[in-house]
Amino acid sequence: MKIHLKYPTLLVLFVMLVISSWGFVQPKERTESIKDTSKTYGDKNRTASEKPMPIYGNWISYDSKNGLPGDKAYCVKIDGDRVLVGTHEGLAVLENGNWKTYTTEDGLAHNGILAIDVDPLTGDVWLGTMGGLSRWSTGKFENYTQMNSGMPNDLIYAVTCDGKDVWVATGGGAGCYNTYTRKWEIFTEENAPMHEPWTYGVCASNDKIYIAAWGGGIIEYTKKTKKFRDYVDPDGNMEIDLFPDDGVVHDITTGASWSNGILWVATYFGLSRYDGVHWKGYFDHDSGLASNFINYIKAKDDIAFICTDQGLSTTDGENWITYTTNENSKNGKTILLNGADKKELATSPSLAHNFTIGVDVEGDRIWVATSKGVSRGQLMK
Amino acid sequence: MFKKSIYTSFIVLMTIFVLVVAVQSCKKKSLEGMIVMSQCKGDIENPDYLSGSRWRNIPESRIVALHTDAPDQPLYKLTEGFYSACAPKISYDGNSMLFVAQQSENDIWQIWEMDLTNRKTRQITSSEGNCIDPDYLPGDRMVFSKQEIINVATKEKGYTLYTCNLDGSNLARITYDPSTYFASTVLNDGRVVAIGRTLIPEVKDAMLMIMRPDGTKQQLFYQSEANHHLQGRVWEMDESSIVFVEGDADNEKDITSISYNRPLHSKVNLTSQIKGDFYAISPYQENMVLASYRSDKEGHFALYGFNTQSHELGTPIYKDGEYHVLEAVPVVKRDRPKKLPSEVDLNVKTALLVCQDINYSYMQTNDSTTAVNKASRLEILGMDETMATFKTEEDGSFYIKVQADTPFRMQTLDGNDNVVKGPSSWLYLRPNERRGCIGCHENRELVPQNAQPLAVRKDPIPVPSPKEIDSLKRDLKM
Amino acid sequence: MKNAKRKTLLWMLILFGFIIYFPGRMLARHHVNYKTAVTDHPLKCTSCHVYTSKNKFVTSLINEDYYSPFNIAVSHDGSRLYVVAQDTDELLIVDTESNSVLHQIKVGVHPHSVILNKANTLAYVSNQWSDNISVIDLAVSKVTDTIKTGNGPSGLTISADGSYLQVVNTYGSDLSVIDLSTKEELKRLRTGSDPTGTALSPDGERLYVTSRRSKIVPYGEPLVSDLTEINGTTLRVSEHHNIEEAYMMENIAFTPSGDLAMMTLIRPKNLIPSVQVEGGWMMTHGIGVIEQGANGRIIQLLTDEPNSYYSDPFDIVVSPDGKRAYVSNSGADRVTVISVDSIRAILKETPKEKLKNIANNLGVSSRFVIKRVPTGANPKGLALSEDGKKLYIAEQLEDKIGVLDTESLQMEAPIDLGGPSRITVARQGRRLFNNAGHTFQKQYACYTCHPDHHEDGLVYNMAGKDMGRNVTNTQSLREIGDTPPFKWNGKNQTIYKQDGMRFSTVLTRTEQFSYDDLDAITAYIKRGIKYPPNLMYNPHGKLTESQLRGKEIYNRTKDNFGNVIPENNRCYTCHPAPLYSNLKAADVSTLAVTDDSILFDTPHLGNIYASPPYLHDGRAATLEEIWTVYGEDNKHGFVNDLTKMQLNDLIDYLKSLGGPEQEENSTQIQETASF
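Chains as they are written, first to last, in the UniProt record's numbering: chain A, 1 to 381; chain B, 1 to 478; chain C, 1 to 675.
Simulated from the structure, these hints should not be mistaken for lab results.
Quantities reported herein were computed from a predicted structural model and do not represent experimental measurements.
Hints may contain errors.
Unchecked claim - The calculated lysine-lysine pairs, modelled on BS3-like cross-linking and capped at a C-alpha distance of 27 Å, are: (1) B:K338 - C:K371; (2) B:K391 - C:K465; (3) B:K339 - C:K491; (4) C:K465 - B:K401; (5) C:K465 - C:K56; (6) A:K164 - C:K148; (7) A:K226 - C:K465; (8) B:K339 - C:K44; (9) B:K339 - C:K118; (10) A:K227 - A:K164; (11) C:K148 - A:K223; (12) A:K226 - C:K542; (13) C:K542 - A:K164; (14) A:K140 - C:K354; (15) B:K374 - C:K354; (16) A:K226 - C:K148; (17) C:K183 - A:K183; (18) A:K208 - C:K148; (19) C:K371 - B:K267; (20) C:K542 - A:K227; (21) C:K183 - A:K224; (22) B:K421 - C:K354; (23) A:K164 - C:K187; (24) C:K148 - C:K118; (25) C:K54 - C:K487; (26) B:K458 - B:K421; (27) C:K148 - C:K542; (28) A:K342 - A:K300; (29) A:K164 - C:K491.
Said to hold, decoys possible - A few chain A residues that don't get close to chain C, going by computed Cβ distances all over 12 Å: (30) M53; (31) I60; (32) I78; (33) S149; (34) N206; (35) D301; (36) E362; (37) R376.
Glycine included, every Cβ here is placed at the ideal spot set by N, Cα and C.
I would like the entire structure built from these sequences, with the hints used as guidance.
In structure tokens form, the structure reads like this:
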């Protein structure tokens, strides 16, 4: 049963809309639904709930006072022994304990770096900026712009390396750059089932590309057939999710990440999870999600790391851990939600800021980009 | 009738055949394979290296031909009708000879050409000044030195280089600086190399200067050490070596070899182990030059073969108890030098010069102590007065449009108009010539850095200018 | 009576002959004068009507099939040479005892390099015009496998453990890493532009790839080329070294001890007004030495001398004892023998701040050059026997393998590969094209600015009048035979004029070509320079959907809003197939302030993808920039209504364009293609 509510009347709809917009929650029914679906996804050998959720602590933060060129960090990427942080003032690189900044003076396309990905084969770093795409290889930048190349638009929100292709989500559509042939393909509402060309996120699975398109839900592109299909919110553009788990929670998607057969979709109105058959929605009122306003999502193995305006949440689909901070004291909380059990741990110091924008995880390290610096956490044993 | 016709035709054919054979047999009488040499009696000491007298043009000299197969045979006197004749040069096909001569005593020296197949001579120049040291240029032209007033103020005379057709027409002056030029030789690359000596403001040491036959792109080719002097013509051997006679500080005259490829730093004295003097040389056979040599200053110069590889002087090829052997050249065919194209356009009255960086030598030393003397201005000095002074660009470059065929020197100035470097040696540019220099560099083997001089982004500064022009105040072209 | 008739007839014939002869000769004179732009060119009809004929029968008579050896490998025991015969698409196996060709093995198209595996059982040949590697089993002398590569494979190395074949892709500007166990491409690493040379350090830890073109920068900015360093273990790019003021880094080699790597290079002077040749003001040639270890300096040394230049250095090999290096100077028909110890000494005594100056010093070569050994025409690839006693030289345009005794430094009798003994007019033209003997002091050949008979990607200030004005982008010479006039301003109606008197005055600055040589070089340029197949953008002769859409835009007559585009502002008007040029002059409003007022000769568009930068002064780094940056006024075609996707389609189509032959071959396929 996908539909848990009876068909509403227009009046009920209106009332719910108003209630929802006030942040009113109905936790009971939603919690049940989480429990129901937790057994249908994840590792084939055991459910996600059987795996312990990683908890991160020992946070250390960096901002303009101790290494970054500016406070506003948009994205972060762990690249081997070094950490790359995209800030509003350039690329900051932490290597051997030292921060170094690269800006347009060094050849970067634009100082505002919104996305970073590293090609696992070549080691090339691809930087999506507010003014073009930069390929950073051994300290040298090569820039692609809408003027000098076939790239759709200079405002790049997301970058994903996928074999020989580099995908970008831009303000003018999604673009695919074939590093072998040096050709760009552009995907907009003209040739893909998008609502408009604005795209916020792009990620790759083994055989598919998922594009988070503003107002267009998730666009799925099958590499082999070069065909598109879209996943939109069956409820349309309503801010509430009328019928839970009937599809992506909202058409205004802000990011997507694929890992271990699961596609995680971020929106400004909640989180969605898609296992290839079923969609599942998560909201701040019915899960451990810190906030429905999700800036960015990153899935690693079975865990999704969700950057919201109220802190960082992580989930395996059932259990939740959220990291928040008191912006004045820098002390914060780590909130664990295991089924119905909720536990709060005091964390000092905690994240640099609750407005989290980017995250990356590698081994026992987590790095979080926030609007007031970047924070590094360690996996707690 | 028919038979008669055949008979007639046969007669005609036979006549043609006989005539051809006769002409061919006449040709055989050419001097091919012989050695042509100039000779003179008496004292040839104390030559005047400035006027060329008794050095390049020797009174009562004569040109003779020597049978190399039978050197004992009497010499074949080629210039019997002349009072003086010397400086023979053989054409590339081996059929003609240029030489300088006086028909009578006190005549002006003029240039003549002899057809070596019939020994007929014809006068090429009819100048009011002595014309000496001719050499063949490709395209039926020749280059030579002509005596003229160099310093108008003092009426001091010197030799300037000219070119003309072999019939004397189309005369063209190619040097315009206050220097005197002798003993020009055309190298295989088509350029003219000559002994040049600056006369103004003071007489400087002679050096080998090289230029294109139109006078463009003149530059230093070889500079002797102090107190050494260049004796005569240079000759190009195989394997790109250039040989000539050079006198040292003790007036010992040796055969010097330099590499065409790197003339400024490849000097080798080939005869340092041989006592005595050499007067002149010319290529003869592989690794062999003809050399006029005497072992002591009292004796006569005789003709020898000198091996440039083993540095051995053979036995005399020809020796004369009465005459010195001066310049000897074999009558052989040789490769024609390249015929260089000319950029000179006589309808244009100006020429362009770009300099990359007047502080180039400063950059080269990387010496911080010289930084205080970095130049920022340039003064162009004419023969009598300053022609222009202007600020150079930030990168040290300048770009000027000068009056063609007008000599000038340059000196660099600092912000306080103190001279940093200079003045340079004299320069002149031919009409429509475009030329570049790196800077005031000591190392003449440097090539320019691949950088666009900022100065060429603007119009060239006119020189001479009525007043100082600040280059930065000119309108940008871009 | 009969006699009278005969006499009358004879007289009439003579009269007729006179009538024909004099006006005919006058017309011929007029015609030849126009074509050659001189008045004294011999009235030889063969010059244009035979040597440059496209008639198959005529061309079969006047041309020959030469081997054109390009690169060589030597077996461990020195008994066999493996010679890449570029023009016959073969690998020749040569017995060094008998100096005879044992096997001729057909490989792919236009092979470039050959490398042997450690056991000498396999040879790998890179086929530059078929984008693959031929694997040859040397036991049976047969091609046993073909491996797909990137675009334009050239230089080859095998990893230290023999697991990977690294293939430099010249046209793709990258390096394919081939897993030899699966014969599959593992990955492709970005290199500098137009790379060819590669060398692996003796310890297998470091792989260099040299590039031939410089990075594209606005005119006036410093010239920089990329030397790519790849970690031999991780097979990732570890450094992109900037090689300043140099390009055409054809090949690279390590010393056996691994203390130095040395590469060939050219130091051009494109940013300087070309006012003279004297003093190295046009081109200089040399080597780059990359110090290994902590210092890691890169020093450039000229192999030229103040009055003598050794143009187009191609290959470099180092003797087994690490004492000598040998460089082939393709444009000078010389092999330069270098003392590596002298270079080590120069490195030791030269502080870093002096490196820039020493790179411009023509006198330094006298310190490290041991000898210049004359070779046959156009020496290219070099290979040393394992004992270092013999140096084998691929004399490309001699069709021979030169053999240098490295002890006496004397050339031995060359190995004749058995090609045609006759030198055809076109072959003579190719020799002239590749030889610097026709420039003053042999400073550069046609090939120097037109490598691979194409173009070098640089913008020059030829300074025809004032300096700093009229900078122009070198144009490709591929398939230009039928696209007169020539030069950007279209002032030369024929190649005869282009390469005639004025050419010698402003460019070569030495004696002009003799008319026989002019015939030869014209014949070669007009008919001998072919496009490489456009395998990158049109591998199958069939346009992609995007290219077909682009073709529609190219041929459109109405804009996106249905308005008629003026005829002179449509792509196809000025660039009609099959030449993609109407051979007329046009104003596309890209004249610079520093340009004289001219109309531009409409360039052909075949293989346009391979000719960046674009526009007459190279201001557009990419095809996109022609319209995104410099096409705002809609005068270079009507484009401002195009969406970004449409522009991409149009450019995709432009990149697919090859030569006229490709157009003919693909017409049928395209007609049946569906939109």
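Verification of the hints:
1. Proximity of K338 of chain B to K371 of chain C is assessed by CA-CA distance (about 25 Å); at most 27 Å being required, the pair is judged to hold.
2. Restraint check for K391 of chain B and K465 of chain C: satisfied, since their Cα atoms lie roughly 24 Å apart, inside the 27 Å limit.
3. Distance restraint check for K339 of chain B and K491 of chain C: the Cα-Cα separation of roughly 25 Å lies within the 27 Å cut-off, and the hinted pair is therefore satisfied.
4. A distance of roughly 12 Å separates the Cα atoms of K465 of chain C and K401 of chain B; the hinted pair therefore holds under the 27 Å criterion.
5. Of the pairs offered as hints, the one joining K465 of chain C and K56 of chain C is violated, with about 43 Å between alpha carbons and a cut-off of 27 Å exceeded.
6. For the hint pairing K164 of chain A with K148 of chain C, the CA-to-CA distance comes to about 15 Å; that is within 27 Å, so the pair holds.
7. With a C-alpha separation of about 56 Å, the suggested pair K226 of chain A and K465 of chain C falls outside the 27 Å cut-off, and the hint is violated.
8. Restraint check for K339 of chain B and K44 of chain C: the C-alpha separation of about 24 Å stays at or below 27 Å, so the hint holds.
9. For the given pair, K339 of chain B sits about 54 Å from K118 of chain C by alpha-carbon distance, which is inconsistent with the 27 Å threshold.
10. Under the criterion of a C-alpha separation no larger than 27 Å, the hint pairing K227 of chain A with K164 of chain A is consistent with the structure, at around 19 Å.
11. Distance check on the hinted pair: K148 of chain C and K223 of chain A sit about 21 Å apart at the alpha-carbon level, within 27 Å; holds.
12. The straight-line distance between the Cα atoms of K226 of chain A and K542 of chain C is roughly 19 Å, inside the 27 Å bound, and the hint therefore holds.
13. For the hint pairing K542 of chain C with K164 of chain A, the CA-to-CA distance comes to about 23 Å; that is within 27 Å, so the pair holds.
14. Straight-line distance between C-alpha atoms of K140 of chain A and K354 of chain C comes to about 25 Å, which keeps the hinted pair within the 27 Å bound.
15. Between the alpha carbons of K374 of chain B and K354 of chain C the distance comes to roughly 19 Å, so the proposed pair stays at or under 27 Å and holds.
16. In summary, the hint linking K226 of chain A to K148 of chain C is supported, as the alpha carbons are separated by about 23 Å, within the 27 Å threshold.
17. Distance check on the hinted pair: K183 of chain C and K183 of chain A sit about 26 Å apart at the alpha-carbon level, within 27 Å; holds.
18. A distance of roughly 25 Å separates the Cα atoms of K208 of chain A and K148 of chain C; the hinted pair therefore holds under the 27 Å criterion.
19. As the CA atoms of K371 of chain C and K267 of chain B are separated by approximately 18 Å, the hinted pair is consistent with the 27 Å bound.
20. Taking the CA atoms of K542 of chain C and K227 of chain A, the gap is about 21 Å. The hint holds against a cut of 27 Å.
21. Taking the CA atoms of K183 of chain C and K224 of chain A, the gap is about 22 Å. The hint holds against a cut of 27 Å.
22. The straight-line distance between the Cα atoms of K421 of chain B and K354 of chain C is roughly 22 Å, inside the 27 Å bound, and the hint therefore holds.
23. The hinted pair formed by K164 of chain A and K187 of chain C meets the criterion: a straight-line CA distance of about 8 Å does not exceed 27 Å.
24. Our distance criterion of 27 Å between C-alpha atoms is met by K148 of chain C and K118 of chain C, whose separation comes to about 22 Å.
25. Pair hint K54 of chain C plus K487 of chain C holds up; C-alpha atoms about 23 Å apart against a cutoff of 27 Å.
26. Distance check on the hinted pair: K458 of chain B and K421 of chain B sit about 25 Å apart at the alpha-carbon level, within 27 Å; holds.
27. Restraint check for K148 of chain C and K542 of chain C: the C-alpha separation of about 20 Å stays at or below 27 Å, so the hint holds.
28. A threshold of 27 Å between alpha carbons decides the hint, and for K342 of chain A with K300 of chain A the separation of about 23 Å falls inside it, so the pair holds.
29. For the suggested pair K164 of chain A and K491 of chain C, the alpha carbons sit about 45 Å apart, so the restraint of at most 27 Å is broken.
30. Every CB of chain C lies more than 12 Å from the CB of M53 of chain A, the least distance being 33 Å, so the non-interface label holds.
31. Every Cβ of chain C is farther than 12 Å from the Cβ of I60 of chain A; the closest lies at roughly 29 Å, confirming the non-interface assignment.
32. Annotated as non-interface, I78 of chain A keeps its C-beta farther than 12 Å from every C-beta of chain C; the closest such distance is 17 Å.
33. Not every beta carbon of chain C lies more than 12 Å from that of S149 of chain A, the smallest distance being close to 6 Å; the non-interface claim is violated.
34. Against chain C, the non-interface label of N206 of chain A holds: every CB pair exceeds 12 Å, the least being about 17 Å.
35. Even its closest Cβ contact with chain C, about 24 Å, leaves D301 of chain A beyond 12 Å, as expected for a residue assigned away from the interface.
36. With a least CB separation of 17 Å from chain C, E362 of chain A remains clear of the 12 Å interface cut-off, as annotated.
37. Every C-beta of chain C lies more than 12 Å from that of R376 of chain A, the closest at about 25 Å, which supports listing it as non-interface.
Of the numbered hints stated above, those contradicted by the structure are hints 5, 7, 9, 29 and 33, listed in ascending order.
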